[in-house]
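*Asks:* Chain by chain, the residues:
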Amino acid sequence: MNEGNEPAPPSDFDQRLNRARERRRGGGKESPERPGGDVKSGLAVAMRMGVELVAAVAVGTGIGLALDHWLGTKPWLMLVFFMLGGVAGIFNVIRVAKGMGGTVGYRPAAPAKAKDDEDDED
Amino acid sequence: MAEPSHAGGGGHSPLAQFEIQPLLPLKIGGIDVSYTNSALLMTLALVIATLFITLGMRHRAMVPGRWQSMTELAYEFVANLLRDTVGHEGRRYFPFVFTLFMFVLFGNFLGLIPYSFTYTSHIAVTFTMAILIFIGVTILGFVKHGLHFLAFFVPPGVSIVLWPLMIPIELISYLSRPISLSVRLFANMTAGHTMLAVFATFVVSLGIVGGVLPLAFVIGLTGLEFLIAFLQAYVFTILTCFYIKDALHMH
Chain A
13 MNEGNEPAPP SDFDQRLNRA RERRRGGGKE SPERPGGDVK SGLAVAMRMG
63 VELVAAVAVG TGIGLALDHW LGTKPWLMLV FFMLGGVAGI FNVIRVAKGM
113 GGTVGYRPAA PAKAKDDEDD ED
Chain B
35 MAEPSHAGGG GHSPLAQFEI QPLLPLKIGG IDVSYTNSAL LMTLALVIAT
85 LFITLGMRHR AMVPGRWQSM TELAYEFVAN LLRDTVGHEG RRYFPFVFTL
135 FMFVLFGNFL GLIPYSFTYT SHIAVTFTMA ILIFIGVTIL GFVKHGLHFL
185 AFFVPPGVSI VLWPLMIPIE LISYLSRPIS LSVRLFANMT AGHTMLAVFA
235 TFVVSLGIVG GVLPLAFVIG LTGLEFLIAF LQAYVFTILT CFYIKDALHM
285 H
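Residue numbers (the numbering used here), protein chains in the order written: chain A, 13 to 134; chain B, 35 to 285.
Hints were generated in silico from the structure; no laboratory data involved. Keep in mind that a hint or two might mislead.
Computed list of chain B residues with no C-beta within reach of chain A, every gap over 10 Å [claimed, not checked]:
id, residue
1, 78
2, 130
3, 169
4, 241
Partial list, computed: chain B residues near chain A (C-beta under 7 Å) [to be verified]:
id, residue
5, 75
6, 94
7, 203
8, 206
9, 207
10, 209
11, 213
12, 214
13, 217
14, 254
15, 256
16, 269
Okay, the calculated beta carbon distance ranges per label pair [as the list claims (entries may be wrong)]:
id, chain 1, residue 1, chain 2, residue 2, range
17, B, 47, A, 88, 58 to 68 Å
18, B, 254, A, 27, 19 to 29 Å
19, B, 86, A, 28, 46 to 56 Å
20, B, 103, A, 78, 24 to 34 Å
21, B, 128, A, 28, 43 to 53 Å
22, B, 245, A, 62, 30 to 40 Å
23, B, 243, A, 79, 55 to 65 Å
We treat Cβ as the ideally placed atom computed from N, Cα and C, and that holds for glycine.
With the hints as constraints, model all of the structure from the sequences given.
*Replies:* The structure is reproduced here in structure tokens:
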């Protein structure tokens with residue numbers, strides 16, 4: 013009676029356990045795309061775009077104003093850093109759109125993952 | 035919150051709901067450290083999140099019940115997020131990230147209860163969290179990589195002639211992180227709650243006949259606010275994970 017109810021032979025259980033352990037270590041292949049996760053992360057990316065652009069411009073202008081105040085070069089550094097902030101903002105948006113992880117850094121997220129093992133020693 | 039708080043000095047202004055009211059006036063050395071409605075909601079969020087986790091796990095059942103399932107769901111959601119973005123080394127930062135997620139999530143959700151207060155709608159709160167994350171991640175980067183972390187600001191594959199241009203841009207990009215992180219959460223919560231209050235005012239001013247339409251709007255917007263409350267907590271958390279990953283692995 014009981015044997016008929018057993019869900020799977022033990023060898024199958026070992027296999028599944030090993031696979032689960034492998035996943036837990038984060039080794040091997042990346043976790044497969046979860047259904048439904050796409051919509052959520054898509055919305056999350058959309059939420060980030062606009063603010064990224066504005067924030068960089070604001071920070072750039074702020075730095076420019078502070079430097080102007082400090083060095084006494086009234087409008088010029090503010091104008092320069094306003095432009096730099098705009099460029100940084102566009103960069104930020106492009107990085108978000110291309111899924112390059114955080115805002116700084118050029119390489120896509122996948123090659124960085126492959127490099128993990130070299131960085132492990134520290 | 036469908037109705038602006040009546041206790042606010044401005045009467046029925048849609049922004050009255052964001053007013054901070056001292057509940058327990060307190061002054062230490064000339065600094066106002068009153069226990070406010072904001073602090074009360076933070077304490078509540080802390081207590082409820084702690085009870086949610088500890089009471090949910092008190093049976094430690096092999097086959098989880100409803101409550102334990104919810105607790106495990108929250109745990110695994112953040113754990114998977116951290117593992118997918120940071121990788122195996124990210125587990126050390128799980129307590130911090132999980133606490134952050136629960137604090138923001140419960141702040142957003144508790145704020146949706148009528149007559150309560152949304153502490154995540156204050157830039158002072160969100161910016162404090164963002165700047166702490168920013169400083170912590172920067173220190174983490176320097177501890178992990180030493181001065182080599184500065185190479186983070188030099189984009190690879192760019193000719194040395196362009197470095198004087200690119201490095202300030204990268205610096206601005208890096209410094210804009212805490213701003214965008216905090217402004218996003220604060221702006222979304224403030225805008226959503228203001229919109230709810232404005233439409234709720236229309237219900238009252240248009241009366242029984244005309245008020246049906248804005249009432250339907252308020253109901254729809256409340257649903258949207260629930261989505262945004264979760265989504266903003268999710269975005270805040272995943273960006274923290276990204277920043278930790280950047281500090282650990284650079285690029």
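*Asks:* All hints are to be evaluated individually against the structure, with a verdict given for each.
*Replies:* Tested hints:
no. : hint                        : verdict
1   : 78                          : 26 Å, holds
2   : 130                         : 17 Å, holds
3   : 169                         : 16 Å, holds
4   : 241                         : 36 Å, holds
5   : 75                          : 23 Å, violated
6   : 94                          : 19 Å, violated
7   : 203                         : 5 Å, holds
8   : 206                         : 4 Å, holds
9   : 207                         : 4 Å, holds
10  : 209                         : 5 Å, holds
11  : 213                         : 4 Å, holds
12  : 214                         : 4 Å, holds
13  : 217                         : 6 Å, holds
14  : 254                         : 17 Å, violated
15  : 256                         : 18 Å, violated
16  : 269                         : 5 Å, holds
17  : B:47 with A:88: 58 to 68 Å  : 42 Å, violated
18  : B:254 with A:27: 19 to 29 Å : 48 Å, violated
19  : B:86 with A:28: 46 to 56 Å  : 30 Å, violated
20  : B:103 with A:78: 24 to 34 Å : 51 Å, violated
21  : B:128 with A:28: 43 to 53 Å : 24 Å, violated
22  : B:245 with A:62: 30 to 40 Å : 33 Å, holds
23  : B:243 with A:79: 55 to 65 Å : 60 Å, holds
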